[in-house]
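Number of protein chains: 4
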Amino acid sequence: MKTLNIGIIGAGRIGNVHAESITYHIPQARVARVSDPVGDSARKLAERFGVPAYSTDYMDIINDPEIDAVLVCTPTPTHADISIAAMKAGKHVFCEKPVHTSLERIRDVAKTAEETGRKLQIGFNRRFDHNHRHVQQLAQDGTLGSIEIIKITSRDPEPPSPEYAASSGGLYIDMMIHDFDMAMFLAGCDVTEVYAMGTSLVDPRIGQAGDVDTAIVTLTFENGALGVIDNSRRAAYGYDQRVEVFGSLGMAADENDGDSTVRVSTAGGVVSDKPQFFFLERYMQSFTDEMKCFIQAITEDSEVPVGIHAGLMSVVLAKAAKKSLDEHRPVKISEIM
Amino acid sequence: MKTLNIGIIGAGRIGNVHAESITYHIPQARVARVSDPVGDSARKLAERFGVPAYSTDYMDIINDPEIDAVLVCTPTPTHADISIAAMKAGKHVFCEKPVHTSLERIRDVAKTAEETGRKLQIGFNRRFDHNHRHVQQLAQDGTLGSIEIIKITSRDPEPPSPEYAASSGGLYIDMMIHDFDMAMFLAGCDVTEVYAMGTSLVDPRIGQAGDVDTAIVTLTFENGALGVIDNSRRAAYGYDQRVEVFGSLGMAADENDGDSTVRVSTAGGVVSDKPQFFFLERYMQSFTDEMKCFIQAITEDSEVPVGIHAGLMSVVLAKAAKKSLDEHRPVKISEIM
Amino acid sequence: MKTLNIGIIGAGRIGNVHAESITYHIPQARVARVSDPVGDSARKLAERFGVPAYSTDYMDIINDPEIDAVLVCTPTPTHADISIAAMKAGKHVFCEKPVHTSLERIRDVAKTAEETGRKLQIGFNRRFDHNHRHVQQLAQDGTLGSIEIIKITSRDPEPPSPEYAASSGGLYIDMMIHDFDMAMFLAGCDVTEVYAMGTSLVDPRIGQAGDVDTAIVTLTFENGALGVIDNSRRAAYGYDQRVEVFGSLGMAADENDGDSTVRVSTAGGVVSDKPQFFFLERYMQSFTDEMKCFIQAITEDSEVPVGIHAGLMSVVLAKAAKKSLDEHRPVKISEIM
Amino acid sequence: MKTLNIGIIGAGRIGNVHAESITYHIPQARVARVSDPVGDSARKLAERFGVPAYSTDYMDIINDPEIDAVLVCTPTPTHADISIAAMKAGKHVFCEKPVHTSLERIRDVAKTAEETGRKLQIGFNRRFDHNHRHVQQLAQDGTLGSIEIIKITSRDPEPPSPEYAASSGGLYIDMMIHDFDMAMFLAGCDVTEVYAMGTSLVDPRIGQAGDVDTAIVTLTFENGALGVIDNSRRAAYGYDQRVEVFGSLGMAADENDGDSTVRVSTAGGVVSDKPQFFFLERYMQSFTDEMKCFIQAITEDSEVPVGIHAGLMSVVLAKAAKKSLDEHRPVKISEIM
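Protein chains in written order, with my numbering: chain R, 8 to 344; chain B, 8 to 344; chain D, 8 to 344; chain Y, 8 to 344.
Misleading hints may appear alongside valid ones.
Which stretches of chain Y does chain D cover? Using the computed rule of at least three CB atoms under 8 Å from a CB of chain D, they are [what the hints assert, rightly or not]:
id, stretch
1, 205–215
2, 222–228
3, 243–254
4, 332–341
Calculated pairs, SDA-like style, for lysine to any residue (alpha carbon to alpha carbon, straight line, at most 25 Å) [stated by the list, open to error]:
id, chain 1, residue 1, chain 2, residue 2
5, B, Lys299, D, Phe285
6, D, Lys299, B, Gly149
7, D, Lys104, D, Phe135
8, Y, Lys9, R, Glu27
9, Y, Lys330, D, Phe135
10, R, Lys299, Y, Lys9
11, R, Lys299, R, Ile91
What the hints contain is simulated information worked out from the structure, not anything from laboratory work.
Remember, predicted model here, so these are calculated numbers, not experimental data.
Glycine residues also receive a C-beta, built at the ideal position from the N, C-alpha and C atoms.
Start from the sequences, fold in the hints, and give me the full structure.
Below is the structure:
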C-alpha cells in the first residue's frame, strides 16, 4: 500500500503534535512537506521529524501533486480559506477548530467538501480521549439506557493573559467550544437551546477586557435530555477534565488522569496525584488517535469520525451562549442558524 | 443538669427517627410525650422507645408545662400553626422542612420566634452529614480560597407515585429544597438569581400531573459565585448524593457512601459497592447530629445551627425555580420576596 | 418473647462497649447486672446504661437465677474460670479473647460447653466488620473460585508502652491473634503450618522487653492455600486494617474506613481522609453485630457464629508463631496441639 | 552531538520493544544493525524500523566498528557470552535479565565490565515504571521515614504452558526475579535472608513438571526491614502489579493501571476498569525509559541506573528461594554467595 504524503500548514505547537503522531505512530503516512510563514518554524519542524521539504508559503503544499492530504494548523481566521483551497486542489483536509467564527464561511467549507468529495475532518481531539470515549461508548451502546443528564467539567490549570482573552473571541468559543462538541458527542444528538452564565472571578482584567473566566452553561438536547457545562480558566490543582452521563439505567463518569496511581498515607493525610497539568500530557494520546482515524478514513475511503457538522454546531453553540449571556435569557439554536 | 423533656408531634417515619436519636444517643434529653392523630401511631412510637405518655391531640403536648421542647413532624401544611402555638406556650421548636409553602406564614413563624425568644431550628439534616459538612468546612475555613463554582447532584433511587408527585408541590419544593439549602450552606451566603430547567423523562405520568422528574437549576450567589444543581427522581444505582465546591485555591468534592469499601476484581471487571439506597441508611447519622445540636442550643442557650432564615430562603428559591420554569427565563430572588 | 437478662462481668472498656450495644441496639436483651472488683467501675457502667444491679463480686451474677447469659469481659487469666463457672450455673457465655494462654484450660472450657450444652461464643468481633465480612462472603460463596492466597494487614495507630508489651504475652497473642482468626475465617479452614518473622523497629524498648513490634507471618492452610499477615504496632496514618483474598476466579480486597468520602484537590495534591484512628470508631458496628448474633443464637437456639474452636486455634497459631520465631524455622500446628 | 549506533542482538519480542523505543523516542540513538539466527526475524525488525543492516550472525554486530552499544536480547543461556564478547570489542552493553543462571558466569560478566570500563546495564525495566518508581522515590527521599515493611504483589494474567514452566528454571528465577530486584530497589539495600513457600494451585501439570505456580516469599533486608512477595501465574482479572512500602512516617502504595478512569454505576454495581492485561501495555513506558537512561549513561558518561550488582543479587535471591523451598527452612544469602 502506498504511503500517504501529508502536508502540514502551520508549524506551531499543534503542527508539531501532528507531525510527531504521523512520524512515530502512523506507518501508513509520512509528513512530506511543511510550511509556516513565521521565521524558521517550518525548518525546525522539518529537521525534528525528518520532513524532506519545507517553505514559508503554504501554496507550495497545495500545488504539490504528490501531497495527498493537508493538515490546517494555522491561526483560526485562515482555516476556511486554506481548507477550501486545499480541497479544490484535490487534497483531503484535517482542519483545526474552530473552523471559522463566521457560520457563512463554515458553510462554504462544508459546501466545498461536498462538491469535491474530499475527506474533511475537524480537530476535536477530545472525542478520542481514552476516558471520554469510554463514557461515550457506554452512552451509545445502551448500557446507560436513555440519556437524561450530561455534565461536563472543564477547567484550565492557568488563565491566559488578559490580552489573549481579549483577542480569543471569548471563553465560549475559545475554550468551551471543546465542551459543546463533547456534549453533543456524548448525547449523540444536537442541542436545541442554551442558557449561559459567565463572570470574571479569576482575573478582573479578563472581565475588563469584556470576557468571562468562570462560566456555567446549560443545554437542552434534541432527545430531551438536559446538560450542563462548567468552565474555569484556572484550577489550582491542575487541568480538570471530567464528564458524566446519567441515563435511565445508570451513570458513567470519568476521573482525571494523574502521573501515577500512588497513594501516600502519612500523618498529614492520604495523598494522591494531582491531575496532569499540561494539555499535551493529558491529551497526547487523543491527538495521535484522531490522526490515525483521519488517515484511516482516507486509506479505507470511509467516513471521517468528526465532520463539518460538528465544526458548525460547536460554533453555533458558542454564539448562542454569548447571545444568552448578553441578553440574559435562554437562546434557541434556531435563533442563531 | 436537668434532662430536657421533648414532645414529638407526629409519629410517622421522621418522628420515629428523632425518637431513636434522642432515646439512644442524647442522654441530655428524653422523649416525654408523643402525639399523632392517626390510628395508634403515637402508641407504637411510645412503646418502641419507652415514652411515658401519648395521645392523638398535640395540644396535650403544648399544654404540658413539663415539656421543654417540641419536634414538629407533622404534614407540611400544619408546621407553621403548630410551631407558633408551641413557641407561644414557651416551648423551643424543631420544625421539619418546608416550614410552609406560603412565605407569609414562614414570616409569621419567624416573628413568633423573635417575640418569644424561643429556639427555632429547621430540619435541614443534610447540613450535618459527615461528607457534606466536611466539604462545607473546607469551603468556609479558607482551604479552597474564594468560592467560585458550587455543584450539587441529588438523585433519588426510585420515583414517587404520580399521585404523590401531583400533591407534593412539585420537585423544586419537595426534593430540590434540600439542595437549595445545601447550596447556600456551602456558599456561606444567599442566592440572588435562579434559572430552572425541568422535564419529565423518568415517568410520563409525573409530567402529565404537571410536575418534572429531571431538573437542572443554576444559581447566582450573593458573593458572585455560580452554582448548579441537578436532580432526578430515579437513579438505577441508588441514592446519589454528591457536592463539589470549587474555589481559587482548589476543590473539595465528596462521593457517595457504600456499605463497604470492598472491591471485587474478576474477569467481569472491578466492582465496588453501590451508593446506599435508602435515605435513612445514608443520612441517619445526620438526623442524630442535627438533634444533638438542637438539644445543645437549648442547654447551652446558644444559637441554633439552622434557623428560620434557611427555612425561608429555601422556599423562596423553590418558588423562584418554579417561576423560572413556567416563564422560561432567569428569575431574581427579589421578584419573589 | 421474654427479654434476656444479661450479666456483664468486668466493667472496663469492652464491658461498656457491650452494654451500649445491648442497651441501644438489641431490644431482645437488657443488661440486668454488672460486676467489677475495681473501684466503682460497675456502678458507673450501671448508671450510664440504667442497669438495675451492680456489685464487686461476679458470683452475684453467676448465682442470680434470673440471669440468662454472661459476658466475660475480665482480664485474660480469669476468662476460663469464670466461663466454666457460669456455664455450670446454667448461663450462656460470651467470652472475650484470648480464652486463655494455656491450651489445656481452653480445652476445659470447651469440654464444659459440651457437657452443659450452653452457648459459648468467643469475642472475635472483626468477623462482623462490614468490610471484612463482605470479603469473606465473596470468598465463601464461590465468587472468587478456589482460594489460593490470603493477605492481611493489621497495624495499630500507636505502640503500647514497653511495660504493656512486656506483660501482654507478646505481639503474636496480643495483637496478631485477631489476624490469625481472620485468616481462618477468610479461608474457611484451619492452618497447618506457620513461619514467623518479627523484629523491633518501632520502639527499641519493646525489643528489650523481649517482644517484637513489627512482624510478618506466613501461613499454610488445610486447603492448600498460602497466607501472609503483617503487623506493626505503629502506623503514622492511623489504624490500618485491610484484607485481601485471591482465588482462581478473582480477588476481593477491602480498604480502610475514613471519616468522610471527601477529596480535597489543591496545589499541594489530592487529599483523602486518613483511616479512622481509634479501634472503637473503626469497629464499633462489629461489636454490636457480634452481640446481636450471640443473643440471636440464644433466642433461636442456633449455633453461635464464633465457637470455641476459633478460640483454641487462634491461640495455637500464636504459640506456633512464637515457637517459629524462637527456633527460626517453620512450625507445624501439629507440634503445638 | 553524534548519534549513537545501536546493535540489537536477538530480534524477538523484547528486541522489537527496544527498537521501537530507540526509533521513536530517543533521537540521540538509532538502531544501526540487528541480528537473529532464527528465520527472517532480523529482516522483519529491520524493515519495521528502518534499520539499515541485518544478519543471522551476531558477530557482524560485534565486529562492526561503527556500533557503539549492543542490546543483548537473546535467550538467557547466551547472555553472558555475548555480553562479554561485546564489551571486549569495546561496546557498551544492555543485557536482558537474568544475566545467567550461574553466579560464576555473572561474576565473569561483572569482571569484564570492570576491566573494559564499558557501561553495562541490566534489563530490570520495572524500576522505571511510573507507579513503582514514584513509590521508590518516596521511600528514598525520607517521606516515609525509615523503611520497615515492603510488600510486592505480582500476578500474571495467564499461566505459561507446563512445557515452558518446566524449561524456565522455575517461578523464582523466571518470574519472581523481577520482584526480588524491585524489593531491593524499594528498600535501597540488599536482602540477607529468604524464606520461600510455593505450591501448584493454578495448573497441576506445572506441579508435575517440578515447578510452583503460586508462591509467597518473605525477605529480611540488610537495614532490618521485613518484606514479602506474592506471585501467582494466573489472575482472572488481569496483570496485577502492586507494591507497598511502609515506614516510620507513613506508607506509599500503588494501584494497577487501567485503560481508563471511567466508573459505571448501574443496578449491578459500580464497575471500574480491570488492570491492563498485557505486560507490554502495562510496562511499555518503563521499557522506553530504561533505554533512555542507558543511552544517557553512555552519552553523559554517567553511571547506569541498574548495574551488574542487581543482576547478580536477583539471581542469588532466586537461588536462595529455591533452596528454601527444597529444604523447607529460611536460607541466608551468605549460603548462596
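Hint numbers not upheld by this structure, sorted from lowest to highest: Of the numbered hints given earlier, those the structure breaks are 6, 9, 10, listed in rising order.
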